[in-house]
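Given the structure of chain A, go ahead and fit chain B onto it with the hints provided.
Protein chains in written order, with the UniProt record's numbering: chain A, 1 to 473; chain B, 1 to 165.
Take these hints with a grain of salt, some might be off.
Claimed, not checked - List of simulated lysine-lysine pairs, DSS-like, C-alpha gap at most 30 Å:
#, chain 1, residue 1, chain 2, residue 2
1, A, K117, B, K18
2, A, K57, A, K117
3, B, K3, A, K305
4, A, K117, B, K3
5, A, K109, B, K11
6, B, K11, A, K57
7, A, K405, A, K425
8, B, K118, B, K29
9, B, K18, B, K29
10, A, K317, B, K3
11, A, K82, A, K332
12, B, K156, A, K109
13, A, K305, A, K82
14, B, K118, B, K3
15, B, K118, A, K57
16, B, K11, B, K118
17, B, K156, A, K57
18, B, K29, A, K405
19, A, K57, A, K82
20, A, K324, B, K3
21, B, K11, B, K29
22, B, K11, A, K82
23, B, K3, B, K29
24, A, K332, A, K305
25, B, K18, A, K109
26, A, K117, B, K11
27, B, K18, B, K118
28, B, K118, A, K405
29, A, K319, A, K305
30, A, K332, A, K317
31, A, K332, B, K3
32, B, K3, A, K57
33, A, K405, A, K420
34, B, K3, A, K109
35, A, K332, A, K319
36, A, K82, B, K118
37, B, K11, A, K405
38, A, K82, B, K3
39, A, K305, A, K57
40, A, K319, B, K3
Simulated from the structure, these hints should not be mistaken for laboratory data.
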Amino acid sequence: MKPERYYSLQMNIHRKNRLEEQLVSVTDPTDFSRTLLPQMVEFDTLLRCHICKDFIKAPVLTPCGHTFCSLCIREYLNREMKCPLCLVELRESMLRSDFLVSEIVGSFKSIRAELIKFLEPGKCPPLDAGNQQGGCGSPIEIASGDPVEGTDENEQDEDEDDDVRIISMSKWENDDQQARQHLFSSPSARKRQRTDSPVVSTIDNMLVKPKTEAKLADAQCPICQRYFVLDYLQRTHLDECLNGIAGNVGAEEPSGSVATRNPVRQREPATETLSKPQVPKVDSEQFVIRYLESGQNRNFNRLPKLNYSSLSQSQLKQKLLALKLPTSGSRKQMISRYNHYEMLWNSNFLDSLELVDERELRRRLASWESTHNNSGSQTKSIISTMMGGATAKLKDFKNDRFDRKGWMLEHRHEFKELIKEARSKLGKKEEISIYSNHTELSQEKSIEFPQSQGSPSSAQMLPQGSQGQRENN
Amino acid sequence: MSKTAQRRLLKELQQLMKDSPEGIVAGPKNENDLFLWDCLISGPPDSPYEGGVFNATLEFPRDYPLSPPRLVFTPSILHPNIYPNGEVCISILHSPGEDPNMYELAEERWSPVQSVEKILLSVTSMLSEPNVESGANIDACILWRDNRPEFIRRVKLAVCKSLGF
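For reference, chain A alone in the conformation it holds in the complex:
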């Protein structure tokens, strides 16, 4: 019993960590509620699907004006032909992909972590209520929303500088028109200008300074209106200015020392490349380009819905075979297999901008089937036999929560034996059915599995015994 307790204890620790880890990794709109810009909670919420509560993946728009993940809504419509939000009647064919939302979400996701870090209250104290500019004066506002633009002067002598001029909010409002033009100018044009970047890239621009230290950007402080080296402005001056202690610090602060303090510098290089000329891939513009190019390269057709009542068994099998899908299982299983594959296919090829190939789709289908479509004989695989025997703990074998490490640790002897056996078999008879061997072994295993059954007799069966000795030492 002792080793078992040890294992289960260890398992619990694993699991516990996992849940905590999982919770930490889950993003939530309220992540913004404690930042300097709590209004972002709303923005973050709007970019999420109401079904899975995650950021919208391959968004589709309904005629009633609501947006969901393609897969989420298709799955829902399979059982209920209504919009989950307003309950207006809705059919799958009415859904339209929404590439703009897709790229807005993508670009927001890509900067979200940075943004939160940037908006931490510690870094830059909130503005007092009396401030005329409200939230707008804070550096955050500039970073998150403004089309920060290069001035005319910048555009003219672009060879000369890497300047990014940060203009205050009030000025931006006046220049709204101009700013818009910048946003809508073609990406290539923007690349040429380099200093004018779409909304997203400005943040990167601010966070990640160009390596070319020689020409550091001058930017205007939105509070005191003085000009500073951008790096210095955003790292140090704004805080001090907001604290009212900026009086004695000037623009002459050596940029080098500022640079060494720059923590963002250690980030992955992809985003650092922004203002280096002729960089093939600029992270933040990727979304714009992908959006502009969406709709091209769409050679895939919608996979049609089938009218199963008019399909014979063999016709249905042919349909599945044509898609290289397995034809095993009952008719009902085949139908739900086709249905799910159709959803995967359509949401991938019609609505997603990150296409995966058919092989990947089939893999996803198989993974779905293993948990959802396995009442029949064909899925009597190793896993399901294991699951059948080993009760509650194995119920979530396919899930993230399943403690793979613990499982492997616990059954390493069996696994070793399996490998050994497989190797020896490989030499002798090639034609032997591996499948049947595995099932045999796994059935044994389910008997040997003591924790879940708790019966002492089963605990004393062979491999477990040797394991126990080892643990007692």
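Chain B only, in chain A's frame:
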């Protein structure tokens, strides 16, 4: 789908942990199973249930959020809309397809855009305003309608008992 369900439950859990509505606490019963939650619901003020803290379990289906969870009070409490076995009968917990009672409005029923938080809020409002028209516990319904003081007395008794008096 169970992966979707898990992710979604994690999100809801996190949200509830950050700020849960007043008088409601909810979370998974144990660390290993996200699909079974324990909830504590405090009786809403100005209702017979005021002052009580009621324990309930939420059982999520594998295809959550496509299907609604099941909410069961353990132990059961006397209420027109709670079955004697503790199961809560309110429209938000019924999926739109099934309507055994034929009276529930579609927009009040479960859809994936609902959430644990909304369910628990509905339950609190159910505690303060029982719906006698769609009773689950007929005896409680009759008592509520015909002999309110006795109903309140019994509930108060149960409340005291639940608090260990």
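Hint by hint, here is what the structure shows:
1. A/K117 <-> B/K18: It holds: about 19 Å lies between the C-alpha atoms, which stays within 30 Å.
2. A/K57 <-> A/K117: holds, 24 Å
3. B/K3 <-> A/K305: Holds, at roughly 25 Å.
4. A/K117 <-> B/K3: Holds, at roughly 29 Å.
5. A/K109 <-> B/K11: Holds, at about 16 Å.
6. B/K11 <-> A/K57: holds, 16 Å
7. A/K405 <-> A/K425: Between A/K405 and A/K425 the Cα gap is close to 27 Å, so the pair holds against 30 Å.
8. B/K118 <-> B/K29: holds, 19 Å
9. B/K18 <-> B/K29: holds, 18 Å
10. A/K317 <-> B/K3: holds, 29 Å
11. A/K82 <-> A/K332: Holds, because 24 Å separates the two Cα atoms, which is no more than 30 Å.
12. B/K156 <-> A/K109: violated, 51 Å
13. A/K305 <-> A/K82: Holds: A/K305 and A/K82 sit about 18 Å apart, inside 30 Å.
14. B/K118 <-> B/K3: holds, 22 Å
15. B/K118 <-> A/K57: holds, 24 Å
16. B/K11 <-> B/K118: holds, 14 Å
17. B/K156 <-> A/K57: Violated. B/K156 to A/K57 sits at ~50 Å, over the 30 Å cutoff.
18. B/K29 <-> A/K405: Status holds; Cα separation ~23 Å.
19. A/K57 <-> A/K82: Holds, at roughly 20 Å.
20. A/K324 <-> B/K3: holds, 25 Å
21. B/K11 <-> B/K29: Satisfied, since the Cα-Cα distance of roughly 16 Å is no more than 30 Å.
22. B/K11 <-> A/K82: holds, 24 Å
23. B/K3 <-> B/K29: holds, 19 Å
24. A/K332 <-> A/K305: holds, 15 Å
25. B/K18 <-> A/K109: Holds. B/K18 to A/K109 sits at ~21 Å (cutoff 30 Å).
26. A/K117 <-> B/K11: Holds. A/K117 to B/K11 sits at ~21 Å (cutoff 30 Å).
27. B/K18 <-> B/K118: It holds: about 15 Å lies between the C-alpha atoms, which stays within 30 Å.
28. B/K118 <-> A/K405: violated, 37 Å
29. A/K319 <-> A/K305: Roughly 11 Å separates the two Cα atoms, so the pair holds.
30. A/K332 <-> A/K317: holds, 12 Å
31. A/K332 <-> B/K3: holds, 23 Å
32. B/K3 <-> A/K57: The given pair, whose Cα atoms are some 15 Å apart, holds under the 30 Å limit.
33. A/K405 <-> A/K420: Judged against 30 Å, a Cα distance of about 21 Å means the pair holds.
34. B/K3 <-> A/K109: Holds. B/K3 to A/K109 sits at ~21 Å (cutoff 30 Å).
35. A/K332 <-> A/K319: Given pair A/K332, A/K319 holds - Cα atoms ~14 Å apart, limit 30 Å.
36. A/K82 <-> B/K118: Distance ~20 Å between A/K82 and B/K118 Cα, so the pair holds.
37. B/K11 <-> A/K405: Judged against 30 Å, a Cα distance of about 25 Å means the pair holds.
38. A/K82 <-> B/K3: holds, 24 Å
39. A/K305 <-> A/K57: The hint holds at about 22 Å.
40. A/K319 <-> B/K3: holds, 28 Å
The earlier numbered hints that this structure contradicts are 12, 17 and 28.
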